[in-house]
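Q: Residue numbers (my numbering): 1 to 308.
I should point out that these hints are in silico values taken from the structure, not numbers from a laboratory. Where hints are given, some of them may not hold.
Unchecked claim - Simulated pairs of lysine to any residue, SDA-like, Cα-Cα distance not exceeding 25 Å: (1) K192 with L30; (2) K106 with A80; (3) K208 with S227; (4) K208 with H169; (5) K208 with R230.
Stated by the list, open to error - FRET-style restraints, in silico, Cβ to Cβ: (6) H72 with E98: 24 to 32 Å; (7) T39 with S157: 38 to 46 Å; (8) G171 with E35: 21 to 29 Å; (9) R289 with E42: 45 to 53 Å; (10) P130 with G218: 45 to 53 Å; (11) L135 with V295: 39 to 47 Å; (12) I152 with A213: 34 to 42 Å; (13) S132 with R299: 47 to 55 Å.
Beta carbons are placed, not taken as given, at the ideal position from N, Cα and C, and that holds for glycine.
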Amino acid sequence: MAIIGCGTSLNAGETIASTFSRLGATPTSLVVASESQGTVLEDDTLVIAMSQSGETADVLRAIDDLNLRHGHLVAITNTAHSSLARRADVVLDRLAGEEIGVAATKTFTAQVVTGITFAISALHARGTVPRSIVLRLLNELYELPDHIEQAISAAESAVPSVLDSLSEHSGMLLLGRGTGVPYAREGALKIKELTYRWAEAFPAGGLKHGPLALIEKGTPVIVVDHSDPRLPRNIAEVQARGANVLRIGGAGSNIPAVADATLNNLGRQLWGPLEAAVPLQVISRLLARRLGTEVDRPRNLAKAVTVE
Numbered sequence: 001m002a003i004i005g006c007g008t009s010l011n012a013g014e015t016i017a018s019t020f021s022r023l024g025a026t027p028t029s030l031v032v033a034s035e036s037q038g039t040v041l042e043d044d045t046l047v048i049a050m051s052q053s054g055e056t057a058d059v060l061r062a063i064d065d066l067n068l069r070h071g072h073l074v075a076i077t078n079t080a081h082s083s084l085a086r087r088a089d090v091v092l093d094r095l096a097g098e099e100i101g102v103a104a105t106k107t108f109t110a111q112v113v114t115g116i117t118f119a120i121s122a123l124h125a126r127g128t129v130p131r132s133i134v135l136r137l138l139n140e141l142y143e144l145p146d147h148i149e150q151a152i153s154a155a156e157s158a159v160p161s162v163l164d165s166l167s168e169h170s171g172m173l174l175l176g177r178g179t180g181v182p183y184a185r186e187g188a189l190k191i192k193e194l195t196y197r198w199a200e201a202f203p204a205g206g207l208k209h210g211p212l213a214l215i216e217k218g219t220p221v222i223v224v225d226h227s228d229p230r231l232p233r234n235i236a237e238v239q240a241r242g243a244n245v246l247r248i249g250g251a252g253s254n255i256p257a258v259a260d261a262t263l264n265n266l267g268r269q270l271w272g273p274l275e276a277a278v279p280l281q282v283i284s285r286l287l288a289r290r291l292g293t294e295v296d297r298p299r300n301l302a303k304a305v306t307v308e
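Hey, can you work out the whole structure from these sequences and the hints?
A: Below you can see the structure in the form of structure tokens.
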């Protein structure tokens, strides 16, 4: 299987790939659409192409580059009558409704949920996942709206108090481990899009391979903390070098937005802490407002990327 996307769609695709690989041991590769030239897929590869508008030029060109004559194409899009949808064998409409701002917010969440429900359904139909696990995962998905509502409330309450420390610096790092990494990447993308400050996301385990050189006294480090047992050691590494750590996690975090962080939540092990995306979006928006930048129409960006 291969998942194609750019930007926010690629970050969402990473969570879907994680679900396929962790739940069904399905080999899955991520393809950056703009860099697809030269990528070779085996025959009968299922390709999932992700585009909010369905008109993303890089994604449409990647479909041509990958030569899918012997494979199948599934489109995950928010526009069921788009160019991508017309070229696909199967269309999964996210039904997210119109998103006015250029930066993706609710469409990111809708992509993730659409993709993981497709993964659960496909793996169950293939006989890989038993009904008992399917029901357990569906119950966890049904709880997601409540978790996201709680995350919104937690973010709106906690984020204003940390804006001063964030606005004082020219940029920040975002860290995650395992299934938390795509959310750190998506948070960094949102911060760059809206605030025009640099924001770099890294797997926390890779700090010692270079990113630690960026840490100095006061450097903001935002951690997507979904109780991975390896994270405390990584947090200690940056704190020892003077970083100002902001944790998005369960009870006791700076922003307690990740529900039941210490419980055995199977979905979080598969696709990660989806509700953590909300405070990252709130941080981006409120920090942008503090800095006086345009939130809905960031400079140099367009709603649909229809050129390469």
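Q: Work down the list of hints and note, for each, if the structure agrees.
A: Now the hints, each set against the structure:
As the CA atoms of K192 and L30 are separated by approximately 22 Å, the hinted pair is consistent with the 25 Å bound. Proximity of K106 to A80 is assessed by CA-CA distance (about 17 Å); at most 25 Å being required, the pair is judged to hold. The straight-line distance between the Cα atoms of K208 and S227 is roughly 21 Å, inside the 25 Å bound, and the hint therefore holds. Our distance criterion of 25 Å between C-alpha atoms is met by K208 and H169, whose separation comes to about 22 Å.
Restraint check for K208 and R230: the C-alpha separation of about 14 Å stays at or below 25 Å, so the hint holds. A beta carbon spacing of about 29 Å between H72 and E98 agrees with the range 24 to 32 Å that was offered as a hint. The hinted range of 38 to 46 Å is satisfied by T39 and S157, whose Cβ atoms lie roughly 45 Å apart. Remark: the range hint 21 to 29 Å for G171 to E35 is upheld by a beta-carbon distance near 25 Å.
For R289 paired with E42, a C-beta distance near 48 Å keeps the hint of 45 to 53 Å intact. Taken as a hint, the range 45 to 53 Å holds for the pair P130 and G218, whose Cβ atoms sit roughly 50 Å apart. Range check, L135 to V295: about 40 Å between beta-carbon atoms, so the 39 to 47 Å window is met. In this structure, I152 and A213 meet the distance hint of 34 to 42 Å, their C-beta atoms being roughly 36 Å apart.
Taken as a hint, the range 47 to 55 Å holds for the pair S132 and R299, whose Cβ atoms sit roughly 51 Å apart.
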